Structure formats: structure tokens, C-alpha cells
Amino acid sequence: MSTPYLALEGLTKAYPGVVANDNVSFQIMPGEVHALLGENGAGKSTLVKMIYGLVKPDRGAMRVNGATYEPANPHAARGSGVAMVFQHFSLFDALDVAENIALGMDNPPRMRALAARIREVSEAYGLPLDPSRRVGDLSAGERQRVEIVRCLLQNPKLLIMDEPTSVLTPQEVQILFETLRKLSSEGTAILYISHKLEEIRTLCDRATVLRLGKVVGAANPREKSARELAEMMVGTVLHTPSRDTTAPGEVLLTVNDLTLPAASQFGTTLKGVSLELRAGEVLGIAGVAGNGQDELLGALSGERLSAANAVTLSGKPIGRLGPNARRRLGLLAAPEERLGHAAAPEMSLTENALLTGDIREKLTRNGFVGWSKARAFAKKIIEGFDVRTPGTETAAGALSGGNLQKFVIGREILQRPTVLVVNQPTWGVDASAAAAIRQALLDLAAEGAGLIVISQDLDELMEISDRFSALNEGRLARAVPAKGLTVDEIGLMMGGAHDMHEAHAEDSPRTAQEVPA
Amino acid sequence: MSLIRLEKRAAPSRTLAALTPVMAVIATMIAGGIMFAILGANPLEAIRTIFWDPLFDPQFGPYSRPQLLVKAAPLILIATGLALGFKAGIWNIGAEGQYIMGAVVGAGAGLAFYPSESPLIFPFMVLAGGFGGWAWAMIPAILKTRFGTNEILVSLMLVYVAENILASVSSGLLRNPEGMGFPGSRNLARDYPAASNTEIIANTGMHWGVVAALIAVIFAYVLMTRHKMGFAIRLAGEAPRAARFAGVSPSRLIIFCLGTAGALAGLAGLFEVSGPAGQISIDFNSGYGFTAIIVAFLGRLHPIGILLAGLLMALTYIGGELAQLMLGMPAAAIQLFQGMLLFFLLAMDVFANYRIRIGTPEVAT
Numbered sequence: 002m003s004t005p006y007l008a009l010e011g012l013t014k015a016y017p018g019v020v021a022n023d024n025v026s027f028q029i030m031p032g033e034v035h036a037l038l039g040e041n042g043a044g045k046s047t048l049v050k051m052i053y054g055l056v057k058p059d060r061g062a063m064r065v066n067g068a069t070y071e072p073a074n075p076h077a078a079r080g081s082g083v084a085m086v087f088q089h090f091s092l093f094d095a096l097d098v099a100e101n102i103a104l105g106m107d108n109p110p111r112m113r114a115l116a117a118r119i120r121e122v123s124e125a126y127g128l129p130l131d132p133s134r135r136v137g138d139l140s141a142g143e144r145q146r147v148e149i150v151r152c153l154l155q156n157p158k159l160l161i162m163d164e165p166t167s168v169l170t171p172q173e174v175q176i177l178f179e180t181l182r183k184l185s186s187e188g189t190a191i192l193y194i195s196h197k198l199e200e201i202r203t204l205c206d207r208a209t210v211l212r213l214g215k216v217v218g219a220a221n222p223r224e225k226s227a228r229e230l231a232e233m234m235v236g237t238v239l240h241t242p243s244r245d246t247t248a249p250g251e252v253l254l255t256v257n258d259l260t261l262p263a264a265s266q267f268g269t270t271l272k273g274v275s276l277e278l279r280a281g282e283v284l285g286i287a288g289v290a291g292n293g294q295d296e297l298l299g300a301l302s303g304e305r306l307s308a309a310n311a312v313t314l315s316g317k318p319i320g321r322l323g324p325n326a327r328r329r330l331g332l333l334a335a336p337e338e339r340l341g342h343a344a345a346p347e348m349s350l351t352e353n354a355l356l357t358g359d360i361r362e363k364l365t366r367n368g369f370v371g372w373s374k375a376r377a378f379a380k381k382i383i384e385g386f387d388v389r390t391p392g393t394e395t396a397a398g399a400l401s402g403g404n405l406q407k408f409v410i411g412r413e414i415l416q417r418p419t420v421l422v423v424n425q426p427t428w429g430v431d432a433s434a435a436a437a438i439r440q441a442l443l444d445l446a447a448e449g450a451g452l453i454v455i456s457q458d459l460d461e462l463m464e465i466s467d468r469f470s471a472l473n474e475g476r477l478a479r480a481v482p483a484k485g486l487t488v489d490e491i492g493l494m495m496g497g498a499h500d501m502h503e504a505h506a507e508d509s510p511r512t513a514q515e516v517p518a
Numbered sequence: 025m026s027l028i029r030l031e032k033r034a035a036p037s038r039t040l041a042a043l044t045p046v047m048a049v050i051a052t053m054i055a056g057g058i059m060f061a062i063l064g065a066n067p068l069e070a071i072r073t074i075f076w077d078p079l080f081d082p083q084f085g086p087y088s089r090p091q092l093l094v095k096a097a098p099l100i101l102i103a104t105g106l107a108l109g110f111k112a113g114i115w116n117i118g119a120e121g122q123y124i125m126g127a128v129v130g131a132g133a134g135l136a137f138y139p140s141e142s143p144l145i146f147p148f149m150v151l152a153g154g155f156g157g158w159a160w161a162m163i164p165a166i167l168k169t170r171f172g173t174n175e176i177l178v179s180l181m182l183v184y185v186a187e188n189i190l191a192s193v194s195s196g197l198l199r200n201p202e203g204m205g206f207p208g209s210r211n212l213a214r215d216y217p218a219a220s221n222t223e224i225i226a227n228t229g230m231h232w233g234v235v236a237a238l239i240a241v242i243f244a245y246v247l248m249t250r251h252k253m254g255f256a257i258r259l260a261g262e263a264p265r266a267a268r269f270a271g272v273s274p275s276r277l278i279i280f281c282l283g284t285a286g287a288l289a290g291l292a293g294l295f296e297v298s299g300p301a302g303q304i305s306i307d308f309n310s311g312y313g314f315t316a317i318i319v320a321f322l323g324r325l326h327p328i329g330i331l332l333a334g335l336l337m338a339l340t341y342i343g344g345e346l347a348q349l350m351l352g353m354p355a356a357a358i359q360l361f362q363g364m365l366l367f368f369l370l371a372m373d374v375f376a377n378y379r380i381r382i383g384t385p386e387v388a389t
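Residue numbers (the numbering used here), protein chains in the order written: chain A, 2 to 518; chain B, 25 to 389.
Source of the hints: derived by calculation from the structure; they are not laboratory data. Being a predicted model, the structure only gives us computed values, none of them experimental. Any given hint could turn out to be false.
Taking lysine to any residue and the SDA-like style, the derived pairs with C-alpha atoms no more than 25 Å apart in a straight line are [what the hints assert, rightly or not]:
{"no.": "1", "chain 1": "A", "residue 1": "LYS197", "chain 2": "A", "residue 2": "THR166"}
{"no.": "2", "chain 1": "A", "residue 1": "LYS57", "chain 2": "B", "residue 2": "ARG381"}
{"no.": "3", "chain 1": "A", "residue 1": "LYS57", "chain 2": "B", "residue 2": "LYS32"}
{"no.": "4", "chain 1": "A", "residue 1": "LYS363", "chain 2": "B", "residue 2": "ARG265"}
{"no.": "5", "chain 1": "A", "residue 1": "LYS380", "chain 2": "B", "residue 2": "ARG250"}
Just the calculated beta-carbon pair ranges, DEER-fashion [what the hints assert, rightly or not]:
{"no.": "6", "chain 1": "A", "residue 1": "LYS363", "chain 2": "B", "residue 2": "GLY172", "range": "29 to 37 Å"}
{"no.": "7", "chain 1": "B", "residue 1": "LEU68", "chain 2": "A", "residue 2": "GLU71", "range": "55 to 63 Å"}
{"no.": "8", "chain 1": "A", "residue 1": "GLU338", "chain 2": "B", "residue 2": "ALA191", "range": "47 to 55 Å"}
Chain B regions said to be covered by chain A (calculated; three or more residues, Cβ under 8 Å) [as the list claims (entries may be wrong)]:
{"no.": "9", "stretch": "241 to 252"}
{"no.": "10", "stretch": "268 to 278"}
Note that the Cβ used here is the ideal one computed from N, Cα and C, for glycine as well.
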């Protein structure tokens, strides 16, 4: 066996109150696609930050090609051949692709030479990029290409990718995987961080599983089922959401040709959105972030008003009613952003229970708040949805993301909605909590409520939806039965795939007319 | 790379948040002492003159002690109203103008019936004073809800408009016909018993404005802790998007907060003009509306805190006057001293929200 490209030996890093990494050792071979698996808080990001020189380990050593490797900063890490693509892009919208890439390089060549190199490298790896396009005009997938090409220009020997597919359509994921396979065949090692187990099974050669900062196992992901991998991550047996399918009942909610201008400069305009939701049904709405998900939720929750007949609930026009009037009629919602939208981070869980529970749980009388009632409701949510918290008076912002999400979803479900609209119900939530949330949603549907689940997690949508639709640039695709949908059909519904063909398909460079006015 | 760094606390420390006003007062005393020393006074004597003598000096005490309530009442009344808006992120900077308009409308309402002896005159003036302040505050409120104007600018600019109205009525509409042409209205406190805001208990400074201030504090406390509106106010201040999701209407909140603050400032103006000041005159307003902003923050926007802060600020007013008189301090030095209090309070807030770390940071970037 040859020397590993990168060897980690007993890496330990502690923060006040928590050991983020405890004696972590594993090796990455040249040309290997190595998955790093683990739930939120398992220590994945601390580990890669140490490898990329952002954090210094307390104990332990790293070796690159057998030589001691102690990067003082990312600059030193890049010097040793380690490159990283972050989950959140660090790009400037107002600059063009070449300028953005030059900004992230240690010794950028002249612009003309750089542009030529970008074209060359991006086409060699099947990631077509026009160096003169403005980043603000690019899709999420294209932005990611900019980040990847920026890394590739430095000829990395190890490429770290943190949750790279969370913003991509299935077609874009395929293109990315082609690129990664090509890199690996040329000897570049890839450390791939993701919680999407099916992706890891198709792409990765080996997987190291972290739980609570420790390495709890290694596996060949191709030989394990996604369920086995998930159980390694969680350490317990996972419960798969299940339901008894019932025939859909009467129509509960309709949206009729709803057009709503964007609320802000960065918002998305909803264009002619129509849908119909029946009792006992789960309608899944897919789409890449920023295609109108927030706006659709706002239009349904009552935060944005529309023409009266644009939204109806059980035949009643409710387009002009505010959030509390809609709650009274049984239409509840749970927005995507937990901190500051679904919950107030600096307020206690009791106060956050009051935030939406006031109307249906009758927590106020003559305008005066019944705090003991609100506390009891908060307690009911905490117990019913296994929210881990010291008590009802803890600030919402002090809870972990997953626990707060359980609280937010539980708060709405316990109010017995007729229709519940949720956006990203399990975003950033660990596998077991996500399963619990999905089960709770399915139980609600089984009791006869109608559910709209907006999510970017296709596996989740396929698991719980009866019918499936997708948002693309503010337009909603016609809903189709979820059963039997192929990945290709889903990708087409999600749109945004119009310029996502591989390199050869890209022929006419679009430059002149793309220059911002 | 610096050796001392500030690290954001996960949650602000409650102990320190409660302690910051005390720490700010101590820091103000130290920095103020240094300033007084530079001005050539004995710093300890100056601090004693400001904080101790007004209450306990055998010579000045009997005169200053009632003044404490007289000065504190308008500050507390105005600051209580302002704090509601500040909690919700609505910045009414124009309480001074609302205070003036309350006094003008309230005094005008009383003077219209001169020389009536009806016991209804004074209650009617109270209503009119509250209405005057409320109506003046409705201007920035409606402009903000209708046209999205900035309430900070509009309310502040309206202070200067109100000052001009004050100057105009004191030499025109409300001028004392028996005043031999001098500007200024009839003296309500001295010459118009039915319209006068008398001391309820003699020689204590306890007038109806003090009662109103106490009622306002209790009202605000109950509103903020027990009522839905108080919850909406806090929610809007802490997480505006969550407030909208909870069904709080931003427009209603703006109208309520600005209106309440305006009405309370108007009441403060009315109680002042009908009692301690006695009459509408060109220089009737004395900056209570601006000082109340300091009082609101010094009291942590909490009704009880504002009660204490108002008393403290009143003490520095009276003590400051005493220091001018006894030690020959310039008036500007006293204003600077009061300004330091707000400055240190805001500076001390850093400690409640951040932890100080000494040593090199571990994250190398």
C-alpha cells in the first residue's frame, strides 16, 4: 500500500464545555473519494477547519505525504496542496467570474492569462464557465463552479467539499460528480462532507463516520445501505416514517393564479401560482433555494396579502386576511428561518409558544396574556416532541437547530391545523429528529389535515409526498403524483437545468449583452 | 493582532445588564470628578454637592427635596412613553415637541374659560394636554405608516416647529391681556385657581404630574409584562419578521407607541405649565423631552428602572444647579456631566453582551 496523501493521527480539539474532536485518526489515499459522515455537531466542520489551517488542534498530528503538516493558516494549507470549497460561497456579486477568482488566489496571474486558464480548466473538467460573466447573474450551481475552478487552478492534491450538493438540482449534481470522478482518476484526493447518504453511496470509495467528535467506524459506502450508514451516524436504530394511505378528501386549500411582486429587492416574484390541496394529502414542493419558497409561504401564512380569491380555505376567500385570522380558520405555517422568523431567539420558549399559539390555544383573555397557560402549552410541545431544553424559560436561541425546529413544528402540529404549510421542516436537523418530524407530519395528514411541505431535500419529499411539484423562478409546476417520478422528471420540474449541460453543449459565449447596465 | 479581544456572549449576562447602570454612575462620578478637578474645583466636593447636598444638606435640603419630585415627574412620564417605542424599535426623538404642544393645547383649553371656577376645568385641561401631545406625535406616525418616512427625522424636526408655535402663541394668541404687552400667558398657577396644578401635599413637590407619572409607570409595567400589546412591542423590537408572522401589524404598533409617548409627553407639558412653570412663555420648554431619552435608556427601558433613573437624573439637575451656585461651575460642565452618564451607560453595555478575552486568538486567519 502506498503512503496516504493525508494522515490524521489522534487529532483532538476541545472548546469550552465540548470536545469537538476526540482522538480522530484516519487516512486519505491519493485519488480517493473519502466521505466524512456525521450528524450536526459530530465534529465534521472542526475537523476540516483543522485540515485547512483555520483552527489549530490541541493534540495530535497531521502528515502530508509522510511529512509533518502543521498549517498555520489557509494560505499555508493551499501551499501544501489542500483546497476547500465551502458550503457558503464567498463571492462578490458585482464582480465577474475572473475577478472573483483572482481575489481568492495567492498570486493571481494577469487577467487575460487568467481568463484563458479559467476557460481551459473549466472545460477540461466539464464545468463550463464564462470568465467575463458577472457572478450576480449566475445560478447557484454556476457559482459553485466558480469556487471549484478557483481551487482547481491551484492544482490541489486534496479537495475538501463541504455539503456541495445542497444547492444543486439533480442534473447539476450529476455534472459535479463527473468532475469529481475525473479529478480522482487524475490522483486528486477528495474529502466529501455530506449528510445525503445516497450521494455518498454513489460517489465515495470510503467513509469515515464521526459521532460526538469520535471516529465510530469506517465503511465502504457501496457495500452498506443508506439505512446502515445512517444508523452508524446516529448510533441507534432508525425509524422509517410510515403511514396508511387514505383516499384524499375534499379540497381544503386552493391558490388561484396568484401573482405577487417581490417584497424586497432580493425577493422573488410569484408568477401565476395555482394549486389545490385536499384533506389527508401531502403536497411536496421542491426547488432550489431562492425560487419563491419564502414568498409562497408568506402568501399562505398571511404575512403577504393578495386578492381575496387568490387564496381560499374550505371555499372561503382568505387572500385579504392576516396571519391570525388565517390561524383562526385553521391554516397554520412554519417558516424556514427558525431564528427571527419562526421564533424570536432572545425570547423564552413560553413566549415563543405564545407567538403563534395565542389564537387557537386561547392563551390570552381580553388582551391579557395567561402566562401559566402559555407555559403549559410550551411544556406540552417540549414533551410531545422531545425538545431537549433545560426548561420552558430557556431562550429559543440557546437551543440547537434541531431542537428548535422540533419546537417550531410541534407548536403548529399541536394546534390541530386544518392545513399546515412548512418550509424546510428538517433543514439542519439530525437524522433521528428528522425522522420524528416527518412521522409527525404524516400522522397529521393521516388525521385528515392537508399539508404543503416545501423542501430542498428531494429524498425527504419523495418519502412523504403524495403529489409533487416544484418552484422555479416564482412559477409553480403543475403537481403530479409523486409515485413513480424519475429523477430526470423531477429535475425538469425544478427547471434551472436549461444551461446545465456538460462542456460540449456550451457553444455561444454570452458576453456583451450580459454586461450590467 | 491584539491581546485583548471582545467575544460575543451566547446570551447577554442578566446580572451585568442589571449592574451596568450602577457601573455607569460610578464611572461618571470618576470621569466627572476629573473634569471638575481640571476646572479647578475639589472633585469630591463637587460630587458631594451634586449627589448628596440636595437631599441631606440642612441648608439646601428643605428647598431641594420637593424639587426632586417636581423635576423627576415629567422625566419619568415622558421616558415611560418613549421606552415603549424604543422597545419596539420605533425612535421617537421629538418628545420635546410633544411636550410643548401638550402644554400649549392644555393651557389654551384652560385659558379659553378664564376666569371660570368650575372644578371641571383642570380635568378638561389634562385631557386637552394629552390630546395635544398625541396629535403632534401622530404626524410622524401617519407619515411613517403612509409614506414610510423616517420617524427620527420627522419627530425631531417637529420639535423646532413646536418651539416656533410656542413663541408665536406666547406673544400672540395666548398672551396675557393684562401683561402690559410682555410675551407670556396668564399665570395659571397663581392667577387662575381652577386651572392650577397645585401641590397635593404642601412642601413635598407632590403635584398631579407626580401622580400621573406613578400611574404611567404601573400602567407600562402591566402592559409590558401581562398584556398582548406589550408582548407585540417586545417581539417587534427583537425579531420584526417573527412579529409579522405572529400577526402584529407594524402600522398599529407605530400608531400605538408614538401616540402613547406623545400623549404622556403632552401630559407632562400640561402639568408643568399649570404648576411649576405657571405660564406659557417663549422659553417654557427646558429640554425634558431630550433628557427623557437618557432616562429611558438609563432605566434599561424598564418602567421601574425608568422610575429610579428619573429620580437620579432629577438629582443631577438640582445638584448641578447647586454646583453652579456654590462652586461656580459653568452650566455646560453640568450638561457634560449628564451626557457622560449616557455615554458610560452605552459603553458599559459592551460588558453585558461581550466577554473580554486576553491572549492571542487561536483561530489563525
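Confirm or reject the coverage of the stretch 241 to 252 of chain B by chain A under the rule of 3 or more residues with a beta carbon closer than 8 Å to the chain's beta carbons.
-> It holds, with 3 qualifying residues against the three required.
Pairwise hint evaluation, THR166 (chain A) against LYS197 (chain A), where the allowed Cα distance is 25 Å at most = 9 Å, holds
Would the pair LYS57 (chain A) and LYS32 (chain B) pass a check requiring their Cα atoms to be no farther apart than 25 Å?
-> Measuring from Cα to Cα gives roughly 21 Å; hence the hint holds.
Taking a Cβ-to-Cβ distance below 8 Å as contact, does the stretch 268 to 278 of chain B have at least three residues touching chain A?
-> Our answer is that it holds, as 5 residues pass the Cβ test (under 8 Å) against chain A, meeting three.
Satisfaction of hint between ARG250 (chain B) and LYS380 (chain A), Cα-Cα up to 25 Å | 20 Å, holds
Honestly, do GLU338 (chain A) and ALA191 (chain B) meet the 47 to 55 Å range at C-beta?
-> 51 Å, holds
Proposed proximity, ARG265 (chain B) with LYS363 (chain A) (alpha carbon, max 25 Å) | 23 Å, holds
Do the alpha carbons of LYS57 (chain A) and ARG381 (chain B) lie within 25 Å of each other, as the hint requires?
-> Holds, at roughly 18 Å.
Falls inside 55 to 63 Å, the C-beta gap from LEU68 (chain B) to GLU71 (chain A)?
-> Check passed, 58 Å falls within 55 to 63 Å.
Lying within 29 to 37 Å: is that true of the beta-carbon distance LYS363 (chain A) to GLY172 (chain B)?
-> Roughly 35 Å apart at Cβ, these two residues keep to the hinted range, so it holds.
The structure shown violates none of the earlier numbered hints.
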